[in-house]
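Novice: In case you want the letters, here they are:
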Amino acid sequence: MIASDVGVNFSAKRVSAMVRRYWYLLRSSWPRILDLIYWPTVQMLMWGFLQVYVAQNAGFFAKAAGVFIGSVLLWDILFRGQLGFSISFLEEMYAHNLPNIMMSPLRPVEFISALMIMSVIRLSIGMIPVSLLAIAFFGFNLWAMGIALAAFFANLLLTSWSVGIFVAGLLLRNGLGAESMAWTIMFLFLPLTCVYYPVAVLPHWLQYVAWSLPPTYVFEGMRALLIDHVFRADLMAEALAFNVVLFAAASYAFLKLLESAREQGTLLQTGE
Amino acid sequence: MDAGKISAIAVDRLVKLYKGVVAVDGISFRLAPGSITGLLGGNGAGKTTTIAMLMGLVTPTSGTVTVLGAQMPKERYRVLRRMNFESPYVDMPTRLTVRQNLSVFAQLYGVADIDARIAQLASDLDLGEFIGRPNGKLSAGQKTRVSLAKALLNKPDVLLLDEPTASLDPDTADWVRSRLEDYRRDNHATILLASHNMNEIERLCERVIIMKRGRIVDDDAPAQLLSRYGRQTLEDVFLDVARGRGLREAAQ
Chain W
1 MIASDVGVNF
11 SAKRVSAMVR
21 RYWYLLRSSW
31 PRILDLIYWP
41 TVQMLMWGFL
51 QVYVAQNAGF
61 FAKAAGVFIG
71 SVLLWDILFR
81 GQLGFSISFL
91 EEMYAHNLPN
101 IMMSPLRPVE
111 FISALMIMSV
121 IRLSIGMIPV
131 SLLAIAFFGF
141 NLWAMGIALA
151 AFFANLLLTS
161 WSVGIFVAGL
171 LLRNGLGAES
181 MAWTIMFLFL
191 PLTCVYYPVA
201 VLPHWLQYVA
211 WSLPPTYVFE
221 GMRALLIDHV
231 FRADLMAEAL
241 AFNVVLFAAA
251 SYAFLKLLES
261 AREQGTLLQT
271 GE
Chain Y
273 MDAGKISAIA
283 VDRLVKLYKG
293 VVAVDGISFR
303 LAPGSITGLL
313 GGNGAGKTTT
323 IAMLMGLVTP
333 TSGTVTVLGA
343 QMPKERYRVL
353 RRMNFESPYV
363 DMPTRLTVRQ
373 NLSVFAQLYG
383 VADIDARIAQ
393 LASDLDLGEF
403 IGRPNGKLSA
413 GQKTRVSLAK
423 ALLNKPDVLL
433 LDEPTASLDP
443 DTADWVRSRL
453 EDYRRDNHAT
463 ILLASHNMNE
473 IERLCERVII
483 MKRGRIVDDD
493 APAQLLSRYG
503 RQTLEDVFLD
513 VARGRGLREA
523 AQ
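Chains as they are written, first to last, in this note's numbering: chain W, 1 to 272; chain Y, 273 to 524.
Since the hints were made in silico from the structure, they are not lab data. Hints may contain errors.
Taking lysine-lysine and the DSSO-like style, the derived pairs with C-alpha atoms no more than 27 Å apart in a straight line are [to be verified]:
no., chain 1, residue 1, chain 2, residue 2
1, W, K13, Y, K427
2, Y, K346, Y, K291
3, W, K256, Y, K291
4, Y, K291, Y, K484
5, Y, K427, Y, K346
6, W, K13, Y, K346
7, W, K256, W, K13
8, W, K256, Y, K346
Across the chosen pairs, the derived CB separations fall in these ranges [unchecked claim]:
no., chain 1, residue 1, chain 2, residue 2, range
9, Y, H460, W, L132, 56 to 64 Å
10, W, P31, Y, R485, 45 to 53 Å
11, W, A12, Y, R515, 51 to 59 Å
12, W, K256, Y, G335, 22 to 30 Å
13, W, Y94, Y, A438, 16 to 24 Å
14, W, Y94, Y, R475, 31 to 39 Å
15, W, K13, Y, G306, 27 to 35 Å
Ideal Cβ positions, reconstructed from N, Cα and C, are used throughout, including at glycine.
Put together the whole structure using the sequences plus the hints.
Specialist: Dropping the structure here:
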């Protein structure tokens with residue numbers, strides 16, 4: 001691993017230059033902004049109406065008001081967080097701009113930091129209006145979760161960044177041939193992290209896998225909050241511990257993939 | 273004395289293998305500060321790989337690359353602020369305006385007075401009429417001027433150019449060459465220029481390194497090459513090298 005890739009000369013100015021670059025791009029295209037809001041809205045409405053229907057016909061779901069909507073909103077934080085990170089990175093490849101970036105003084109850690117900030121910006125543009133629509137349509141107030149929401153959000157965002165960092169490494173190493181990973185990798189988390197059902201539903205052996213993934217703790221925590229009205233701080237602490245491990249592993253994988261990209265010459269060839 | 277300390281660029285027994293295929297095969301050369309050198313060779317000769325190793329984008333299999341005293345790619349962050357490059361095969365974001373693009377790169381390179389530097393380049397490279405236009409809406413010639421402006425933003429001591437005038441009409445290409453000459457003269461910059469364009473090499477370069485199949489097959493001043501190969505133009509010299517005609521045979 002090249003020592004300078006992990007150097008400590010971090011420059012906030014270079015990070016802000018990259019954030020500006022993505023912000024210019026985002027604001028120059030209304031379809032890009034609309035896309036951030038459109039799909040989360042569709043998902044929230046679909047699951048929300050389903051929940052209304054089921055609640056009218058089953059006592060348990062009437063008690064667990066908002067579980068589906070809560071699930072879909074938290075899932076979107078996880079999914080859109082990673083997508084916001086990965087799409088900003090993909091924009092460099094689509095623009096054939098990556099060699100310009102990679103031979104500038106911008107360090108990998110600064111590049112990653114800029115992508116994290118853009119992930120939050122894109123997520124906010126999408127999720128804030130959708131969370132307000134959830135109040136308007138279903139009376140489900142995500143913001144009323146308060147401190148719990150902050151814990152859920154932080155943990156889900158950390159996971160989404162870890163996955164985004166790993167995917168960025170794959171893209172550097174394999175070019176746009178790995179693009180589909182950026183769009184689909186998070187769906188592997190959908191069944192395994194038990195977004196819409198409790199972990200107990202899974203076969204016993206698969207539960208071990210589920211509990212090794214940080215978002216599982218968040219979704220279990222959300223159900224505990226909405227069904228039992230209990231905030232499980234212990235679950236959030238466990239999620240954070242797994243997230244630290246996942247983030248470190250993803251960062252290490254990114255640096256190794258970057259090193260391999262330099263050896264294979266793929267930083268110049270960012271096509272298929 | 274270490275050659276890397278007195279040369280702007282020092283390449284020593286540089287080898288690059290891609291999965292066993294030789295891209296660069298043990299080349300060595302040194303470029304003096306303030307010099308302008310042409311890197312000539314056919315497709316697959318190893319020019320772009322060599323430039324990529326100079327930029328730190330590709331790790332050598334063996335051998336060393338030293339730029340402004342820093343070993344690449346290990347110490348590249350010591351010198352990347354003092355380097356830049358331009359290639360028509362590397363674009364800038366198309367939806368950003370020229371000014372936005374230049375301003376982002378100026379900040380990345382730590383340019384002190386960004387507005388003043390962009391204004392200066394806009395004047396020098398005649399960007400004024402389209403500086404507010406998105407990069408994707410520019411003609412090939414305008415894009416090349418913008419890429420050149422990006423390459424000169426940080427007033428680099430080492431400028432690497434990969435076919436800088438490819439796909440330009442002769443008038444625009446000539447104009448770009450003039451700007452490069454001006455820049456080198458005014459800033460005492462070291463320029464390495466990879467090109468297929470013999471006129472360009474002949475006009476700009478005081479030294480030509482000819483590569484073939486990853487190796488340096490000749491290295492001299494343009495006039496010396498013409499004399500030794502007994503040719504009138506560098507294009508004929510290039511064809512002699514490309515077709516494997518030796519010096520004596522070429523002279524006959």
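Novice: For every hint, state whether the structure bears it out.
Specialist: Hint check results:
1. W:K13 <-> Y:K427: Within the cut-off at roughly 19 Å; holds.
2. Y:K346 <-> Y:K291: With a Cα-Cα distance of about 22 Å, the restraint between K346 (chain Y) and K291 (chain Y) holds, given a limit of 27 Å.
3. W:K256 <-> Y:K291: At roughly 18 Å apart (the allowed maximum being 27 Å), K291 (chain Y) and K256 (chain W) satisfy the hint.
4. Y:K291 <-> Y:K484: holds (19 Å)
5. Y:K427 <-> Y:K346: holds (23 Å)
6. W:K13 <-> Y:K346: holds (23 Å)
7. W:K256 <-> W:K13: Distance ~26 Å between K256 (chain W) and K13 (chain W) Cα, so the pair holds.
8. W:K256 <-> Y:K346: Roughly 15 Å between the alpha carbons, so the hint for K256 (chain W) and K346 (chain Y) holds.
9. Y:H460 <-> W:L132: 56 to 64 Å: holds (60 Å)
10. W:P31 <-> Y:R485: 45 to 53 Å: holds (48 Å)
11. W:A12 <-> Y:R515: 51 to 59 Å: holds (55 Å)
12. W:K256 <-> Y:G335: 22 to 30 Å: The hint (22 to 30 Å, Cβ to Cβ) holds, given that K256 (chain W) and G335 (chain Y) are roughly 23 Å apart.
13. W:Y94 <-> Y:A438: 16 to 24 Å: The hint (16 to 24 Å, Cβ to Cβ) holds, given that Y94 (chain W) and A438 (chain Y) are roughly 22 Å apart.
14. W:Y94 <-> Y:R475: 31 to 39 Å: holds (36 Å)
15. W:K13 <-> Y:G306: 27 to 35 Å: Since the Cβ atoms of K13 (chain W) and G306 (chain Y) sit about 30 Å apart, the hinted range of 27 to 35 Å holds.
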